[in-house]
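Taken in sequence, the protein lines are chains F and Y.
Read in order, the letters of the first sequence are residues 1 to 442 in my numbering.
Read in order, the letters of the second sequence are residues 1 to 211 in my numbering.
Any given hint could be a false lead.
[As the list claims (entries may be wrong)] Beyond 10 Å from chain Y on every Cβ pair, some chain F residues (computed):
#  : residue
1  : T70
2  : N85
3  : T227
4  : A233
5  : A253
6  : N275
7  : N278
8  : P279
9  : L281
10 : G333
11 : A408
12 : Y410
13 : T441
14 : I442
[Stated by the list, open to error] Selected chain F positions facing chain Y (in silico; Cβ < 7 Å):
#  : residue
15 : R98
16 : S277
17 : D324
18 : V336
19 : V337
20 : G340
21 : S409
22 : V424
23 : S427
24 : N429
Treat the hints as calculated values from the structure; they're not laboratory data.
Ideal Cβ placement from N, Cα and C applies to all residues, glycine included.
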Amino acid sequence: MKSPLFKRVVLVGAAFATVAASFVASASAANATVIAAGGSDTTLNVMDAILAQANAPVGDTWVNLNPFATANVSVPGDANCPTMNWQPAGTTATLPNRLMPVGSGAGRSMLQAVNTDNTTYTGVGVKGCLDIARSSSFSTSSPNAGTGEYYAFALDAVSWATGSLSAPAAMSKADLIKVYNCTYTDWSQLPGGSAGPIQRYLPQTSSGTYGFFLSDLLGSSSFVFPTQAGCPAVKFVNATGGALEENNASVIAAADWQSAIFPYSAGQWVYQANNASNPTLDKRVLPSGGAPARLGGILTNVDSNGLTTTQSMNANAAAYNVTDRKWQLNDAGLQVVQPGASGGYPITESSSTKVNTVPAFIGVRFVYNVLDTRSPSLAAATLAVGFDNTSGGVKSALCSGGRAAVIASYGFAPLPTTGVTGTVTASANYNQAGSTCRKITI
Amino acid sequence: MSNRRLPILGAVVAVVVVVVALVIISNRGASTSQAVSRDANEATAADSSGATTTSSVAPVPTATAEPSGPYTTPMMPMSVSVSKTSGLHSGDVVSVTATPSNGSQAFGVEARLCRGDASIEFDGQMLPTRAGLCIPKPFSDGTDSFIEVLNKPPYGPIVVTFRVGTGSQTFGLQDGTQSTITCDATHPCQLVLKLQYPNGFGFQGVPLAFG
């Protein structure tokens, strides 16, 4: 029989233990950080692999949000965000739940939104609910001037694409502009084209590819798309009337297949082409089948050595590696093993407008992970996708070359440890750490 | 025993409970630290290349050494059976059958002859001029380096017949370096399969021993 004294000892001990255990539990929870990334669909797949849970530091959780999720995505809470759901577009989200950011701009805007939200739920703030904005475009004002950090981790390119048999193999930047401003309304007006009307398509405006296509291929972020007789309005919708996903030709209205022109990420095109046997991954083909959409070339005056010539050459952002028997970006690596391409090897860091304001080849871009210095989990997010931009600074696995094979697997071109300095003065300071990423602060 | 000692005894009990809890948590952390990175090219989860780091961020815990040898993507909705994998000679046919699990589909299979000690988990690692782990051309006439089989609806089982070869070849990579791959009686190789199924793909390495 237990004595009353023993019972009291047990009760007091239990009370101490409860308090102590709750302290231990809360301390443990505080150490576990949940890093959530959202935004661009162009870099969704490659970031899925990079942010795989197996790569996360012990105890932490990495979540890569899919903008195309059709059901709620539940994310566990941490010290800077309560447990919450990211809900698909078209639903009504009650805080702390939020709508899934769809596209680069939406991802960066969400990063700004959570970092300016002082709300708390059961004592937990929301500033850590999104830590990384996946972005295939750049903005000097988004997520926020003064606190935004862009970590470029690979090269991509954007070009025009079509399934039309009447379209030419390549066109100049000037001619591409004429297509989108209604100067040209028929493929036959383009050198190398044959008769057939043109229907302009663009992805939803929050897409990074949309923004980049306007700024770098059409020459202005405020490009105006006129509509006139013989030049129907730009379509932003897919075959069923929904918003047009970028890098997805399979949702173009079948009736428009021979007339449609639309932007496409070359990296995504390569990834899809290299998985052409898989109809659930190859988005270049209509559901009814047929030939896939092809990536159009850009006529440029740069030859294989990067020298200006008097003759415009068809330079395509993607090329077939005959040794590997797979597609890849037409970059310096390909030049090493497959020299002599008549159109040169246009995918170079020098052709990014973040390095040279007037690049030798249009359409080359960095793809980024964007952080915000106001984020409470900035250090953990930096260790996931960033680096310390000082000489010998610590680098994430992504920024130390440890994910080069992954980056190539998804169609993008990995960056070397040595950057290049161009006419953009700041490019000299993008990579002082010898990283395979570039850091651009806004 | 006086009541004044109650808090002391209680505290002792609490300390014991907390110590036990901490030991459990510590052990749990130690076991999960065995998790390894998915990228076979990576030795550590983070890299500090300079001795005089002035970083404002702490280093990531170091992952354990990368496993080497054939890798299989976990939880693939396909199973693989292989006819013969040992005592092989140049020109021998290795027959692989990839069968989709119930309700799944097999869209296609790619097969490459690769180094036996490589752990191939991504496309980029299968590409000869990218990673240097798989041969870019056959060792000899009558043997294969790369076979791709595309399936048709209803996307049932796929059979791949691969003629293995022996020999050694050195070739250039896109980063300017060179790679040498040898497959013979003293250098086991593997047949790496890329298996396509709904909404994804996976990899399976099949060890090959030459007689």
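Exercise for review: May I ask you to check that Y410 (chain F) keeps its beta-carbon over 10 Å from the closest beta-carbon of chain Y?
Suggested key: Contrary to the label, Y410 (chain F) does not stay out of reach of chain Y, its closest Cβ about 8 Å off (not over 10 Å).
Check your understanding: Beyond 10 Å from every Cβ of chain Y: is that where the Cβ of T70 (chain F) lies?
Key -> holds, 13 Å
Practice item. Over 10 Å to the closest beta carbon of chain Y is the bar; see if N85 (chain F) clears it. Key: holds, 22 Å
Point to revise | chain Y contact restraint for S427 (chain F) - C-beta distance below 7 Å | key: violated, 21 Å
Point to revise | Interface hint outcome for S277 (chain F) [beta carbon to chain Y under 7 Å] | key: holds, 3 Å
**Study point:** Assertion that I442 (chain F) lies outside the chain Y interface [Cβ separation over 10 Å]
**Key:** holds, 19 Å
Check your understanding: Closest CB-CB distance from A408 (chain F) to chain Y, is it above 10 Å?
Key -> violated, 4 Å
**Study point:** Distal placement of A253 (chain F) relative to chain Y, Cβ over 10 Å
**Key:** Holds: least Cβ distance 24 Å, greater than 10 Å.
**Study point:** L281 (chain F) remote from chain Y - nearest C-beta pair above 10 Å
**Key:** violated, 7 Å
Exercise for review: Would you settle whether the hint for G340 (chain F) is holds or violated, based on the nearest Cβ-Cβ distance to chain Y being less than 7 Å?
Suggested key: violated, 15 Å
Check your understanding: T441 (chain F): least C-beta distance to chain Y exceeds 10 Å?
Key -> Holds: least Cβ distance 14 Å, greater than 10 Å.
Practice item. Closer than 7 Å between Cβ atoms is the bar; does R98 (chain F) clear it against chain Y? Give me holds or violated. Key: violated, 25 Å
When the structure is compared with the earlier hints, violations turn up for hints 6, 7, 8, 9, 10, 11, 12, 15, 20, 22, 23, 24 and for no others.
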